[in-house]
Amino acid sequence: MSNDPLDPQPALEEWKDRELEILRLIAQGHSNREIAETLFLSTNTIRWYNKQIYSKLDVHSRTEAVARARAWGLLDTDMEAPAAASPTRAGPPHNLPAQQTPFIGRERELAELTDRFRDPATRLLSIVGPGGIGKTRLALELARRLLSNYPDGVFFVPLQPLSATDDLFPAVAAAIGYTFREGSDPRQQVFDRLREAQMLLVLDNFEHLLDAAGEVSEMLQKAPLLNLLTTSRERLNLHEETLAPLEGLRVSAGTGESEGEAEAVRLFLLSAQRARADFRPGRLELDSIAEICRLVDGMPLALELAAAWIEVLSPQEIAAEIQRSLDFLETEMVNLPDRHRSIRSVFDGAWKRLSSSEQEVFACLAVFRGGFTRPAAEIVAGADLRSLASLVSKSLLRRDSERVRFGIHELLRQYAKEQLNKQGSAAKAAESHAAYFSSFVRERGEVLERSAEPRILAELGEDFENVRAAWAWAVEQDHADLLAEMMEGFYQFTTRTRRYPAGLRMLDQALERASSKPGALPAETLARLRMQRGAMRSIVGLFDEAVEDLNQARDDAQQHGDRQRERDLLIALGYAYRNADRLEEAWPYLNEALEVSSEAGGERGRAETLYHLGSVVWADGDNGTAEGYHRESLEITRRLGLDDRVAMLALHGMSEIAWASALPVECASFALESLEIARRIGDVSFESENLQNLGWSHYGIIGTGDYAEGLTALEKSLALCREAHLWHMGPTLHGIGFGRGAMGDYAAGLEIGQAGIDEAERLGQARYSTAGYSELGHQLQDLNLLERAEAVHAEGVRIAQDSGTGFWLPRLEANWAIDK
1202 MSNDPLDPQP ALEEWKDREL EILRLIAQGH SNREIAETLF LSTNTIRWYN
1252 KQIYSKLDVH SRTEAVARAR AWGLLDTDME APAAASPTRA GPPHNLPAQQ
1302 TPFIGREREL AELTDRFRDP ATRLLSIVGP GGIGKTRLAL ELARRLLSNY
1352 PDGVFFVPLQ PLSATDDLFP AVAAAIGYTF REGSDPRQQV FDRLREAQML
1402 LVLDNFEHLL DAAGEVSEML QKAPLLNLLT TSRERLNLHE ETLAPLEGLR
1452 VSAGTGESEG EAEAVRLFLL SAQRARADFR PGRLELDSIA EICRLVDGMP
1502 LALELAAAWI EVLSPQEIAA EIQRSLDFLE TEMVNLPDRH RSIRSVFDGA
1552 WKRLSSSEQE VFACLAVFRG GFTRPAAEIV AGADLRSLAS LVSKSLLRRD
1602 SERVRFGIHE LLRQYAKEQL NKQGSAAKAA ESHAAYFSSF VRERGEVLER
1652 SAEPRILAEL GEDFENVRAA WAWAVEQDHA DLLAEMMEGF YQFTTRTRRY
1702 PAGLRMLDQA LERASSKPGA LPAETLARLR MQRGAMRSIV GLFDEAVEDL
1752 NQARDDAQQH GDRQRERDLL IALGYAYRNA DRLEEAWPYL NEALEVSSEA
1802 GGERGRAETL YHLGSVVWAD GDNGTAEGYH RESLEITRRL GLDDRVAMLA
1852 LHGMSEIAWA SALPVECASF ALESLEIARR IGDVSFESEN LQNLGWSHYG
1902 IIGTGDYAEG LTALEKSLAL CREAHLWHMG PTLHGIGFGR GAMGDYAAGL
1952 EIGQAGIDEA ERLGQARYST AGYSELGHQL QDLNLLERAE AVHAEGVRIA
2002 QDSGTGFWLP RLEANWAIDK
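Counting from 1202, one number per residue, gives the positions in the sequence shown under our numbering.
Honestly, the hints are just simulated from the structure, not real lab data.
The calculated lysine to aspartate or glutamate pairs, modelled on EDC-like cross-linking and capped at a C-alpha distance of 20 Å, are:
id, residue 1, residue 2
1, 1629, 1619
2, 1217, 1310
3, 1618, 1632
4, 1618, 1528
5, 1217, 1313
6, 1252, 1222
7, 1623, 1561
8, 1917, 1874
Just so we're clear, the structure is a prediction, and the values are computed from it rather than from any experiment.
Please put together the full structure from these sequences, using the hints given.
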């Protein structure tokens, strides 16, 4: 260990306020016991902080710590007393209990609540939340930080043991050290004692004494300098009350933080290390701990109860047990109150305080996943406004006013589900839930066919878990009618919210069920399921599987003589083969689709088919013929005044023609027009493809373009590819690699270009593989690495010749000749 004061030290923002506070007291000569008394903590907690301080300073003793801290400028010498000075505890009186463990997180909440108390209008502040959420601990930490603001003291008044309104005033008197005089009204004596006092009272667990809310109001009237801080599972419902709803600790890491720095994870680790001092989790264990934190929604009590099991179970096993049963979260520790020895006992207490009608509504709300709206609660659970307000007031529901939604803590939801099963109402509630969200998807899907309205997309995103649960129930119950209704908007729902993998899993679930129970679903429903799955598989690059689904769906359309559906399937088959670079196989399907469109006399269908035919010819290197198809497609859309998906396709096709014709300005113009429609209708695949075209148009054709702008567009395209798992990630990576190389960052250019080749080869896309080899070889030529360039170009030529892909072959052969 080096003691050089000039060694690199942690930045000041890496030091916590409490660590710096203790460091200053150490520098003033205070012992651990004296520091503990000053800060209202236990000596064990001070020792724990000392270890953190020594580790950050890289020292082993108090003397070394003070010297290193002074050298690093962490101590204000004006605040330091001589080492021999006797410590004092001057300051306002208090009875705040010492805490046995460090306070974790809640800095945002503490800052907000401190600001509230700076406002003279705040006389009564209530921290409300479900049991086990950490209300008392937060109130004590807040009270400690506010101590200097109250010259007459800060006093903690525990109300949990009390049961009658008359008990309130004796409890307050005991807390502030006041002795009643005989013969006088105790209530009046407390009022007289508080009348001129500039004091803060912390009334803890007020839900046990809600009938005394009127006395609290009177106390504030009689004592104008008094402030009150209450903790309660239920609001006091007083006009003077300022509410501070409390939720769990932050589960996810913030910006610039590692997963292990999330508040909930830190509390779990601290608690686990009390049970097993040598516990040092690895990466996989940290992932399981993060999952535990998500499962309990950051509830501190649940985290501490779960962490206690680390002595005998791994984090992965603990997460599995939490999912299995609420009863896992309990302890036999003798110094915890009975109500905190298990999560079940916490929730049992809350359940007993509900009326029978509130119990019925709360249990029924367990069918929701990820929150719900008021209309959904009314229809599914029979919840009127009064019952919802009561459940919010009692901290069993939380309301997000910004999104106008209600939520329920996940552990509370599990508990409510148990009660629903006991009531025998689970099946009815699940059916009501599935029926509501079937209509929900159908209605919003109809809107999304016309435009990707942000409000509708937001609603679908927020209720995705509810839709998934409704779909799963309909599948398990073989409820063909609900599935048929849901499919009316399912494709729009899945594609517009960019959830292709999740949508595919849902379709797999339905088709696997149908396969195991022949006849459970009508043939038409099965065909529609396969058609939707085939279309999604094509978009994410599962081309062979897509073709299988689409052909089966086409057989059904032919059997039923449904020519319109057959045309759509022919186009989908052509699109799948085109994306897979199996151009010869795409051609006959699209030609047949054009014939069907002509038979039906539908110009819109003809315009769509012409785009796909043009894209196949263009991909095969025949830009002139492709231009004819795309121009006719665009002319039809202009004549019909279309501003929808078909117009988007026609414009995209013209953008590709302009790029291949060395017309970057025209390429950008068409791409931007197509991009605008793609974003409006929510087509993420063509939004990404148009961004690609826009990126290449910025590059220019002869290498004199704006590479920074081009990279920006291509990186946006790549982000969409990754988010939605799109089939064209390979060419997007090619474009980014080319741009990086053109800007001089050849190392990144080569690495990204190779990643693009790997992706294209993974999907069997020969044309995009050859494009990647062309761009990679070009960069190697720029670096004068001609032998490597020759090998790369030769491999590209071989793939192009073997696959019959002619688009990039001339350029590859020309560059190969240069290499030699």
